[in-house]
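Colleague: Going down the list, the sequences are from chains A and B.
Residue 6 is where the first sequence starts when you use our numbering, and the numbers rise one by one after that.
Residue 185 is where the second sequence starts when you use our numbering, and the numbers rise one by one after that.
A few of these clues could be false.
Unchecked claim - Here are the simulated lysine-lysine pairs, DSBU-like style, with alpha carbons at most 30 Å apart:
{"no.": "1", "chain 1": "A", "residue 1": "83", "chain 2": "B", "residue 2": "195"}
{"no.": "2", "chain 1": "A", "residue 1": "116", "chain 2": "A", "residue 2": "63"}
{"no.": "3", "chain 1": "B", "residue 1": "195", "chain 2": "A", "residue 2": "74"}
{"no.": "4", "chain 1": "A", "residue 1": "116", "chain 2": "B", "residue 2": "254"}
{"no.": "5", "chain 1": "A", "residue 1": "83", "chain 2": "B", "residue 2": "254"}
{"no.": "6", "chain 1": "A", "residue 1": "54", "chain 2": "B", "residue 2": "241"}
In short, the hints are calculated from the structure, not lab data.
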Amino acid sequence: AQSVTQLDSQVPVFEEAPVELRCNYSSSVSVYLFWYVQYPNQGLQLLLKYLSGSTLVKGINGFEAEFNKSQTSFHLRKPSVHISDTAEYFCAVGPLGSGGYQKVTFGTGTKLQVIP
Amino acid sequence: DAGITQSPRYKITETGRQVTLMCHQTWSHSYMFWYRQDLGHGLRLIYYSAAADITDKGEVPDGYVVSRSKTENFPLTLESATRSQTSVYFCASRDRVYSGANVLTFGAGSRLTVL
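If we strip away everything but chain B, and leave its shape as in the complex, we get (with noise of 0.2 Å):
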């Protein structure tokens, strides 16, 4: 199916384990990019890639690793996880812009909940 697909869209687990959340596109979109979702915050930025193995740093990226090997994958990995970082994940893509507005396109978000 074409389009954005994150998994799992639900995780439970505990302080301290790994988690990694996947992120799949469809469209060979250059740039992806991961958020976060909390009440009274909105969406803040966590990493984004403008490109195959290029990556940088977002707003929030402290506790988070990510990787971007093919250009239609971009995981988001917690490599301890803190019950500060219980959430709701959004992956986003969009082309490269000459001109005109960066739209996103989002994937369906992944809840994270950390014990």
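Okay, chain A solo, but in the shape it has when bound (with noise of 0.2 Å):
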């Protein structure tokens, strides 16, 4: 069984300051890690993903998150926000293996408003 926690329901920020969504998962087995991004009225999209290899992983719009596998976490960071980063933000977490159905067991969500 896996499971997902984002700690934060909402995270306020100012404009050009940091921000650390953070996201603690449990799995029996080896996982990927996922962040994914719903901006207002939309679904969900990529934002970045952890498979293996660095701890750091780098997505789009300038956001990264590490991967911390003693503290089983996976928390997402930007060291500067922009309004248009106001959106909710889902952790994700999936079990490794190859074929046949793959369940993807998804956090809450947080939702992010950046203030001007």
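Assemble the dimeric complex from its two separately framed chains, guided by the hints.
Modeller: Here it is as structure tokens:
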């Protein structure tokens, strides 16, 4: 079984300030990790993903995330946010493996509100 | 247009009515999924399909029916809508994964209100 916990349901931050959105996961097997972003009235889009290798993953729009296996965390960061980053962010986890159905479990989401 | 299209985008219906949400993808992806998004629950999987004529239940399948007669279409039917099915519904797809991460591509969503 696997699960994802996003500790903050809402994060307000001033424009040009840094932000960190927290994500912790649990799984009995090795996993892939994802961050998706949902802009208002749109579907989810992939922001970045971690498969293996370097624990620091860079995504689109200046976001990055760091995989920490010992702490089972995959926090998302951006050094300077813009108004356009206002959206809901979802952390997700899926099991390593090939073929067949691989269940992806989503967190409950964090709403990032960038304040001008 | 290439992509994944959901219709209708907005729907209001009454309790007990049948509603069908449509999903169409142009990539010939093997897998298709239906999720519902509710405040405090994130995304929960309703049904998924591995190929035409192959479907299986997700976490919250009760009250929903799916079919997949063609690879590109995956309609979701609420046979007798209830107020608890008021939600935003997302269709997603991905190709069969032999290695690498199973990245999902999502439609824009269908907002359903059951009165």
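Colleague: Can the restraint linking residue 83 of chain A and residue 195 of chain B be considered satisfied, given a maximum Cα separation of 30 Å?
Modeller: violated (37 Å)
Colleague: Is the hinted pair residue 116 of chain A and residue 63 of chain A satisfied, with a Cα-Cα distance of at most 30 Å?
Modeller: Within the cut-off at roughly 20 Å; holds.
Colleague: Are residue 195 of chain B and residue 74 of chain A close enough, with their CA atoms no more than 30 Å apart?
Modeller: Roughly 43 Å separates the two Cα atoms, so the pair is violated.
Colleague: Can the restraint linking residue 116 of chain A and residue 254 of chain B be considered satisfied, given a maximum Cα separation of 30 Å?
Modeller: Since the Cα atoms of residue 116 of chain A and residue 254 of chain B sit roughly 36 Å apart, the hinted pair is violated (cutoff 30 Å).
Colleague: Does the structure keep residue 83 of chain A and residue 254 of chain B at a Cα separation of 30 Å or less?
Modeller: Judged against 30 Å, a Cα distance of about 42 Å means the pair is violated.
Colleague: Given the proposed pairing of residue 54 of chain A with residue 241 of chain B, does the C-alpha separation stay at or below 30 Å?
Modeller: Roughly 26 Å separates the two Cα atoms, so the pair holds.
Checked against the numbered hints given earlier, the structure breaks hints 1, 3, 4 and 5 and satisfies all the rest.
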